[in-house]
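Enquirer: Now for the letters of each chain:
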Amino acid sequence: MSTLQTRERGRTATPPLAPPAKRDRGSRIRTALWTGLLALPAVAFFVVFAYLPMAGLVVAFKEFNIADGVFGSPWNGLDNFRYFFSSGEASRILLNTLLLNTLFLAATLAAGITLALMLNEIRGRFFKRVAQSTIFFPYFVSPIVISIILQVLLAGVGGSGGAVNDALGGLGLPTVSWYTEPGPWPWILTIVKVWQMGGYMSVIFLAAITAIPDEVYEAGMIDGASRAQMAWRITVPLLRPTAAVLLVLGVGRIFYGDFGTIYAIVGDNGTLFPTTDVIDTYVFRALRELGDFGTTAAVGLFQSVVGFVLVVTAVLIQRRYAKESSIL
Amino acid sequence: MKTRRRLEPFTVVSIIGVSFFMVLCVIPFWMIISGSFTDESKLASTGYSFLPQPFSTAAYKMIFTGPAVLDAYFASVFITLVGTALSLAFTSGIAWVIARRLPLISRPLAVLAYIPMLFSGGLVPLYLLVTQYLHLQNSYFAVILPLLVAPFLVFIQVSAFRQLPEAILESARIDGAGEMRIFFRIALPLSKPILAVIGLFYAVHYWNEWFTALLFISDVHRYPLPLVLQNLISNVTFAQTLPNTGESAPVYQLRLALTAVTIGPILLAYPFAQRYFVKGITLGATKG
Numbered sequence: 214m215s216t217l218q219t220r221e222r223g224r225t226a227t228p229p230l231a232p233p234a235k236r237d238r239g240s241r242i243r244t245a246l247w248t249g250l251l252a253l254p255a256v257a258f259f260v261v262f263a264y265l266p267m268a269g270l271v272v273a274f275k276e277f278n279i280a281d282g283v284f285g286s287p288w289n290g291l292d293n294f295r296y297f298f299s300s301g302e303a304s305r306i307l308l309n310t311l312l313l314n315t316l317f318l319a320a321t322l323a324a325g326i327t328l329a330l331m332l333n334e335i336r337g338r339f340f341k342r343v344a345q346s347t348i349f350f351p352y353f354v355s356p357i358v359i360s361i362i363l364q365v366l367l368a369g370v371g372g373s374g375g376a377v378n379d380a381l382g383g384l385g386l387p388t389v390s391w392y393t394e395p396g397p398w399p400w401i402l403t404i405v406k407v408w409q410m411g412g413y414m415s416v417i418f419l420a421a422i423t424a425i426p427d428e429v430y431e432a433g434m435i436d437g438a439s440r441a442q443m444a445w446r447i448t449v450p451l452l453r454p455t456a457a458v459l460l461v462l463g464v465g466r467i468f469y470g471d472f473g474t475i476y477a478i479v480g481d482n483g484t485l486f487p488t489t490d491v492i493d494t495y496v497f498r499a500l501r502e503l504g505d506f507g508t509t510a511a512v513g514l515f516q517s518v519v520g521f522v523l524v525v526t527a528v529l530i531q532r533r534y535a536k537e538s539s540i541l
Numbered sequence: 002m003k004t005r006r007r008l009e010p011f012t013v014v015s016i017i018g019v020s021f022f023m024v025l026c027v028i029p030f031w032m033i034i035s036g037s038f039t040d041e042s043k044l045a046s047t048g049y050s051f052l053p054q055p056f057s058t059a060a061y062k063m064i065f066t067g068p069a070v071l072d073a074y075f076a077s078v079f080i081t082l083v084g085t086a087l088s089l090a091f092t093s094g095i096a097w098v099i100a101r102r103l104p105l106i107s108r109p110l111a112v113l114a115y116i117p118m119l120f121s122g123g124l125v126p127l128y129l130l131v132t133q134y135l136h137l138q139n140s141y142f143a144v145i146l147p148l149l150v151a152p153f154l155v156f157i158q159v160s161a162f163r164q165l166p167e168a169i170l171e172s173a174r175i176d177g178a179g180e181m182r183i184f185f186r187i188a189l190p191l192s193k194p195i196l197a198v199i200g201l202f203y204a205v206h207y208w209n210e211w212f213t214a215l216l217f218i219s220d221v222h223r224y225p226l227p228l229v230l231q232n233l234i235s236n237v238t239f240a241q242t243l244p245n246t247g248e249s250a251p252v253y254q255l256r257l258a259l260t261a262v263t264i265g266p267i268l269l270a271y272p273f274a275q276r277y278f279v280k281g282i283t284l285g286a287t288k289g
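Residue numbers (my numbering), protein chains in the order written: chain E, 214 to 541; chain D, 2 to 289.
Simulated from the structure, these hints should not be mistaken for lab results. Just so you know, not all the hints are guaranteed correct.
Heads up, simulated SDA-like pairs for lysine to any residue below, C-alpha to C-alpha not over 20 Å straight-line [unchecked claim]:
{"#": "1", "chain 1": "E", "residue 1": "LYS341", "chain 2": "D", "residue 2": "ALA173"}
{"#": "2", "chain 1": "D", "residue 1": "LYS280", "chain 2": "E", "residue 2": "ALA441"}
{"#": "3", "chain 1": "D", "residue 1": "LYS193", "chain 2": "D", "residue 2": "LEU87"}
{"#": "4", "chain 1": "D", "residue 1": "LYS193", "chain 2": "D", "residue 2": "LEU170"}
{"#": "5", "chain 1": "D", "residue 1": "LYS193", "chain 2": "E", "residue 2": "PHE350"}
{"#": "6", "chain 1": "D", "residue 1": "LYS193", "chain 2": "D", "residue 2": "VAL221"}
{"#": "7", "chain 1": "E", "residue 1": "LYS341", "chain 2": "D", "residue 2": "THR12"}
{"#": "8", "chain 1": "E", "residue 1": "LYS341", "chain 2": "E", "residue 2": "ALA441"}
{"#": "9", "chain 1": "D", "residue 1": "LYS193", "chain 2": "D", "residue 2": "ILE175"}
{"#": "10", "chain 1": "E", "residue 1": "LYS341", "chain 2": "D", "residue 2": "LYS193"}
{"#": "11", "chain 1": "D", "residue 1": "LYS193", "chain 2": "E", "residue 2": "ALA441"}
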């Protein structure tokens, strides 16, 4: 209704050839609503696939059954949360999630900065371009492909050998049955993450390096700094804002277990769960095997809330100490 | 022009370091491709090979003679093409409206798109939505729809739209072009490079997507490529559903060949894609 009214008002109030700068409020609103139609499909998407599921989180407080549906099922208060936190698995899963994601974040940031600094040293344009393309490539590959690569390296294709064990054997070291040994997996997954994201991260930092004015380095050169000193004393400190932004974004995701990669690699291999089971893989498994919607929704809600609190905290801290690089 | 520098220790370390990382990035793919051309008997005994010897194309013959992998290819191509086209349309639509800073609607839309980055309903409500309410099981759209608009890419697109020269838009307005015409005839054509960037992000995402497929697609004939691969890893018997040329299927070789086939299109699109990707993430990183 109001759409029609504003449209009407706009039409009468705008002289046909008025210069756009002088258009009045009514006409501006008419333009806004008309243009706004372009956003409709995306709005529909967000409402259905982002906001409806948020409403669907009430399942976390319900004894869910399919017959009664999301909103008809009986309430059961905090039982679902109690069940999860008393299951004995909660602490392990939360700890794994935090530990793995912290490792991933620290390692990929460090690798990104290091690679960017090194790439920045390389003068040959051709070599530099080839290098960048090569180290960026793993980013494009599906987690499933990564998981197959890992099998080739660690277990061999036919379940015997494996390149890494052969190399260990060649060095006279004992071989490891990787897929039955949970201990090394946090490190293996971290290496995978660095391999996958190192090139991507380095591009971000390289872009930031390009933005540093040449004069800074010229000053360094006059003072007789070596290339290493310039990298360490000039480039690294100037990369801090970029690193801070990525850190804040990363901290916000720290409660999300990177399901794709971890589940593709570990799958349903229960022997590795002690060190690799994270919230997302737990939720997925519980949903699939137990069909326990209530508890898994409770875990998901817990994850979302903690994640939200972490992002907000990170952003607030960053605003306070590094305002110039704030993302909000 | 910069003068040529003396080769300093740090430069040497850098060249070695980068080369080392490059080798690490290439070797796994080489092993996959080489292994996919290696005869099953050799694979079963050593597990991998750096040189395809004895050379064999048995796995590729199997892949391309039967319908299973072609079905999967079709599924992946459909999901990628349709998904990317829809994603681009949806994303640029909302991004344009946000970028225009229009009264009453631009800000609320930005908030609407921003909140899902911070907080999400999670897996369970999404699962219930798709299976109980939308009934999209076994439809390619179950894979496409939940990924349709990525808030992060919306904001990259917004900042790109804001860089369009205002004068051009204004002169179109003076010439009497309507808002829709300005968007379709001027804003979009001028934004081709950024559309390529966003499109590539979406395309790679759809091509590699397997999680939603795993959740919502149970019909083997509708599996996209990554899911077929995942099945080949997790259960060897799945290989038997592929067309059998004779006695026993070369399972291990088949895995590697299928992996190579999955990477193939990315490898082909890569030289083109990489340049744009760099532009995309650079934009996202510095304009944030």
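Enquirer: Against this structure, judge whether each hint is valid.
Expert: Evaluation of the provided hints:
A hinted pair counts as satisfied when its Cα atoms are at most 20 Å apart, and LYS341/E with ALA173/D does not qualify at roughly 43 Å. At most 20 Å may separate the alpha-carbon atoms for a hinted pair to count; LYS280/D and ALA441/E exceed this at roughly 28 Å. Between LYS193/D and LEU87/D the alpha-carbon distance is near 16 Å, which keeps this suggested pair within the 20 Å criterion. The hinted pair formed by LYS193/D and LEU170/D meets the criterion: a straight-line CA distance of about 16 Å does not exceed 20 Å.
Of the pairs offered as hints, the one joining LYS193/D and PHE350/E is violated, with about 24 Å between alpha carbons and a cut-off of 20 Å exceeded. With a C-alpha separation of about 38 Å, the suggested pair LYS193/D and VAL221/D falls outside the 20 Å cut-off, and the hint is violated. Pair hint LYS341/E plus THR12/D holds up; C-alpha atoms about 13 Å apart against a cutoff of 20 Å. At most 20 Å may separate the alpha-carbon atoms for a hinted pair to count; LYS341/E and ALA441/E meet this at roughly 18 Å.
Our distance criterion of 20 Å between C-alpha atoms is broken by LYS193/D and ILE175/D, whose separation comes to about 24 Å. Note on LYS341/E and LYS193/D: the hinted pairing is violated, with a Cα-Cα distance of about 27 Å set against a maximum of 20 Å. For the proposed pair LYS193/D and ALA441/E, the alpha carbon gap of about 40 Å is over 20 Å, so the pair is violated.
Comparing the model with each earlier hint shows violations of hints 1, 2, 5, 6, 9, 10 and 11; every other hint is respected.
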